[in-house]
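Q: Take a look at the letters that make up each chain.
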Amino acid sequence: MIPEHREDGVPTRRRVLALGAVTAGAVVSIRPALAQTAGSVLNCEIPVPDPGRAGSYIDANGRVVPARTKGAFPSSPRPFKGEEVKRSMATGRSLPGTDSERSRAYVNYIRRLQRGQGGFTCFASLQMPRA
Amino acid sequence: MHDAVYRAPPIDGLLIAPLDEFTAVYHRASGITHLLTEPAPQILAVLGEGGLSLDALLDRLAEDYELSDGTREALAARLDELVEAGLVEAA
Chain A
1 MIPEHREDGV PTRRRVLALG AVTAGAVVSI RPALAQTAGS VLNCEIPVPD PGRAGSYIDA
61 NGRVVPARTK GAFPSSPRPF KGEEVKRSMA TGRSLPGTDS ERSRAYVNYI RRLQRGQGGF
121 TCFASLQMPR A
Chain B
1 MHDAVYRAPP IDGLLIAPLD EFTAVYHRAS GITHLLTEPA PQILAVLGEG GLSLDALLDR
61 LAEDYELSDG TREALAARLD ELVEAGLVEA A
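So the protein lines, in turn, are chains A and B.
At position 116 of the first sequence the residue is numbered 116 (our numbering), and the sequence of numbers has no breaks.
At position 36 of the second sequence the residue is numbered 36 (our numbering), and the sequence of numbers has no breaks.
In case anyone wonders, no lab produced these hints; they're calculated from the structure.
Even glycine gets a Cβ: it sits at the ideal position worked out from N, Cα and C.
It is possible that some hints are incorrect.
[Unchecked claim] Across the chosen pairs, the derived CB separations fall in these ranges: (1) A/69 - B/29: 39 to 45 Å; (2) A/28 - B/12: 42 to 48 Å; (3) B/21 - A/43: 34 to 40 Å; (4) B/30 - A/124: 19 to 25 Å; (5) A/83 - B/89: 35 to 41 Å; (6) A/111 - B/7: 45 to 51 Å.
Please construct the entire structure, taking both the sequences and the accompanying hints into account.
A: Okay, structure coming up:
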């Protein structure tokens, strides 16, 4: 018997306990999927901007602005791999196929990604130490 | 399998948080969190690190609780789930 368990939410003596049907199921496991798939994290993709706003431009601060806004950059013709973004953030080197100013604008856009936007999960997973 | 001895992890290897209907159990060794419903948390608590056979576990549960359907088959099914989740070891 482990007394701490008993007082920590597990019911005390003579309570009715149903062991349940053979098919019932009393365990759901939440696996840290992102942590276990470091390889695929680096291969995930971040579109700039997300497909819903494809064709828009990205200004230097990473905001999505109307196409042909002066001083802003056209959207990226292809999404970036998680690994490319991670490397660029870590070293300051430009994203592939971009010059330094455009790369900085894109990275700013990626930093501003929020839940629900394309690429957010990929970006968030890059922040995990094991990725 | 029914003659096996079932063991729960060391008590400091688990972080247990009751959440209304569920009991969340974080298993440090695997880094996996499990949501358990009755009777799984009670089985883990009774089992302990020392280990019990299926019949001994059933007896111990019957000492502590009114078992509404205390069959070996039902308990074996619950234990199998816990073994599959990695929370119980059968040897």
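Q: Taking the hints in turn, state whether each one holds.
A: Now the hints, each set against the structure:
Checking the proposed 39 to 45 Å range against residue 69 of chain A and residue 29 of chain B shows it is violated: the Cβ atoms sit about 53 Å from each other. The hinted window of 42 to 48 Å between residue 28 of chain A and residue 12 of chain B is violated, with their beta carbons roughly 23 Å apart. Between residue 21 of chain B and residue 43 of chain A the CB atoms are about 38 Å apart, so this pair conforms to the stated range of 34 to 40 Å. In this structure the supplied range 19 to 25 Å holds for residue 30 of chain B paired with residue 124 of chain A, their Cβ-Cβ distance being about 22 Å.
Checked against the given bound of 35 to 41 Å, the beta carbons of residue 83 of chain A and residue 89 of chain B, roughly 38 Å apart, stay inside it. Taking the beta carbon of each, residue 111 of chain A and residue 7 of chain B are about 47 Å apart, inside 45 to 51 Å as hinted.
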